[in-house]
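Enquirer: Residue numbers (our numbering), protein chains in the order written: chain A, 1 to 302; chain B, 303 to 609.
Hints are computed from structural coordinates only; laboratory data are not their basis. Note that beta-carbon positions come from the ideal geometry of N, C-alpha and C, so glycine has one too. Each hint should be verified, as a subset may be incorrect.
[Unchecked claim] With the C-beta cut set under 10 angstroms, the calculated list includes, among others, these residues of chain A facing chain B: (1) 11; (2) 29; (3) 34; (4) 107; (5) 110; (6) 115; (7) 126; (8) 134; (9) 214; (10) 215; (11) 219; (12) 221; (13) 223; (14) 241; (15) 279.
[Stated by the list, open to error] Estimated spans, in silico, between C-beta atoms of each pair: (16) B:312 with A:87: 46 to 56 angstroms; (17) A:108 with B:506: 45 to 55 angstroms; (18) A:26 with B:346: 37 to 47 angstroms; (19) A:150 with B:495: 29 to 39 angstroms; (20) B:447 with A:25: 14 to 24 angstroms; (21) B:498 with A:12: 11 to 21 angstroms; (22) B:449 with A:68: 44 to 54 angstroms; (23) A:210 with B:402: 49 to 59 angstroms; (24) A:210 with B:350: 42 to 52 angstroms; (25) A:150 with B:567: 43 to 53 angstroms.
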Amino acid sequence: MRASRPGMSRALVRRETIAGYLFLLPSLFFFLVFVIYPMFMCIYTSFFDSNMGKDAVDMFIGLGNYKELFQDKIFLGALKNTAIIVLVSVPTVCAFSLWVSSAIYNMKPVFTSAFRCIFYLPVVTGSVAVTVVWKWMYNNYYGIFNYLGKSVGLIDSNINWLGDPKYALWCIILILFTTSVGQPIVLYVSALGNVDQTLVEAAEVDGATKTQVFWKIKWAQIMPTTLYILIITTINSFQCFALIQLLTSGGPSHSTDTVMYYIYYTAFKLYRYGYGNAMGVVLMVIIAILSAIQYKLGQTDS
Amino acid sequence: MTTKKSALYKIIAFVLVLILALLFTFPLYWILTGSFKTQKEINSTSPAWWPSEWTMKNYENLMGKMKAPLWEVSVPFSQYFTEDGTATVVSAGPQVPGAIRWMLNTIWMAVAAMLLTCLTSALAGYALAKKRFIGRTLIFTLIVCAMALPKQVILIPLIREMSSLKLYNTISAVIYPIVGWPFGVFLIKQFAEGIPGEIIEAARIDGAGEVKTFTTVAYPMIKPGVGALAIFTFINSWNDYFMQLIMLSSTKNLTISLGIAKMQAENSTDYGLIMAGAAFAAVPIITVFLIFQKYFTKGITMGAVKG
């Protein structure tokens, strides 16, 4: 990217630069003030013992927060829970949405768009509305899950779904799943619709089976979409927060803490601002590494 | 034989997808029917699939809780001059149910965030794609790096920043970071790359100024991108619960999601009331979604392809 084209006169360069910055100015203002500055502050404050009080003075403690972080059992537990959520939800979301999409993309357009719409509904409904109704469904006494489970004989007595460390995290993963497949399905339906039909027909003429056509031709062509879905689902699973905050508040006894929730808890319940930021930095690094790996993998594959 | 088999598979797949779709709509169905059920039916251990007796009581309860003024007009920038840092209110509307005020807050927030984001991103994306100037590469690198990071980690420092700017607990504190998020600039830039340089050159030769070139030549070509971005921003800001949660605190400044969450925290067992709240929050956005459904799916796909 050159700063100027060879034939451009000095005056023109200046004119372009001024015009460019004037166009950029409004956006750059919001970007620098409300994104870059806090991002910088996040890293900066992570080296301080800092709380949210009005007259509190920040004390520089170097890597102290980071040292504490890796000995903090709750944080390590939160990291483990986050890893479980990501490892379970990313493959299931991808596989499920790929299957649904390949089932619906060549239906009559009415059905395709109706189904696509329905699977997208939990996303638009909003996390709070979705979560409160699930909370009711999981309820120990009035919830529909216990009622159904007992009437078909799956369970003998009521299960306190969200209050039992054995089930709580899985209950959250289930809700996260229903709110995560909407976007991948929309993307896959459009990607499958764009697969080069001449290649598919050529393969069919050569006697390839449906399964072969799918894996040998379509899979390769929708690879960029898969990659994109992998990345956004990973990031979304990492950021799982509203569900935890509204359903379990990380409980029972921190068994459903995720990193995102624990950051919130440290900063806004314990008022440990610097410590929370140190966690934020660790989360940033993990996500950056994962995105880079997924990106690299996707590039070598296709 | 194979066609028979694949026809059978198609039918089975259709039925399976249909069942799944019904399961996916169930929570919404449960919200809507639950909001019309009587207290007795809700607190029964064998749930009723359909309300046996329809009641508006839950909605009456929802509208009877947490009053807030319908509007408040305050002197601009007055928060910087008063002692306690609150703005001087010159006109306050009549007291209305909190839910109404929250809905208005949410609509204002989402619409303002959407318009501001589209405007700033369109200008900046165009400049980054079509203008050659010093520092362009640096800015673009910053944008790409910022985009790869989780948005939520900046929220803690943002709180402090907003308090020192005296914006904490105002809707603006939610709007500005959304506008600053660089995804929009990135998306529009990808669209603006497609504008042929010759057209811009031609407009310039015809004597069009920078602004005129943008509005008459560039804007029509990035319009689909702006549309997609508008939808994206609207939905995302409407549903950005975390940001709203930490930025807004007083009853009159809540968004509808926050308000429902607060009601849930205070009346955790009154499921009828909470379902009424959830329905009140969800129905408008779902209606918007159903009306603009085509654009939504287009917007999502375009965002992915270009992004």
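Enquirer: Okay, residue 210 of chain A versus residue 350 of chain B on CB: inside 42 to 52 angstroms?
Expert: Hint holds: Cβ distance 45 angstroms, inside 42 to 52 angstroms.
Enquirer: Range hint 37 to 47 angstroms: satisfied by the CB atoms of residue 26 of chain A and residue 346 of chain B?
Expert: violated, 56 angstroms
Enquirer: Regarding the hint that residue 279 of chain A lies at the interface with chain B, is the smallest CB-CB distance below 10 angstroms?
Expert: holds, 8 angstroms
Enquirer: Does residue 214 of chain A hold up as a contact with chain B if the rule is Cβ-Cβ below 10 angstroms?
Expert: Cβ of residue 214 of chain A sits 12 angstroms from chain B, so the hint is violated.
Enquirer: At the C-beta level, are residue 447 of chain B and residue 25 of chain A separated by a distance inside 14 to 24 angstroms?
Expert: Hint holds: Cβ distance 21 angstroms, inside 14 to 24 angstroms.
Enquirer: Starting from the range 45 to 55 angstroms, see whether the pair residue 108 of chain A and residue 506 of chain B falls in it by beta-carbon distance.
Expert: holds, 50 angstroms
Enquirer: Against chain B, with CB atoms and a cut of 10 angstroms, does the hint on residue 34 of chain A hold up?
Expert: holds, 4 angstroms
Enquirer: At a threshold of 10 angstroms, is the proposed contact between residue 134 of chain A and chain B supported by beta-carbon distances?
Expert: holds, 6 angstroms
Enquirer: Restraint: residue 110 of chain A near chain B, CB-CB cut 10 angstroms. Satisfied or not?
Expert: violated, 12 angstroms
Enquirer: Any CB of chain B closer than 10 angstroms to the CB of residue 11 of chain A?
Expert: violated, 14 angstroms
Enquirer: For the range 46 to 56 angstroms, tell me whether the beta carbons of residue 312 of chain B and residue 87 of chain A fit it or not.
Expert: violated, 33 angstroms
Enquirer: Would the hint on residue 219 of chain A be counted as holding, given a Cβ-Cβ threshold of 10 angstroms to chain B?
Expert: violated, 18 angstroms
The structure shown violates the earlier hints numbered 1, 5, 9, 10, 11, 12, 13, 16, 18, 19, 22 and 25.
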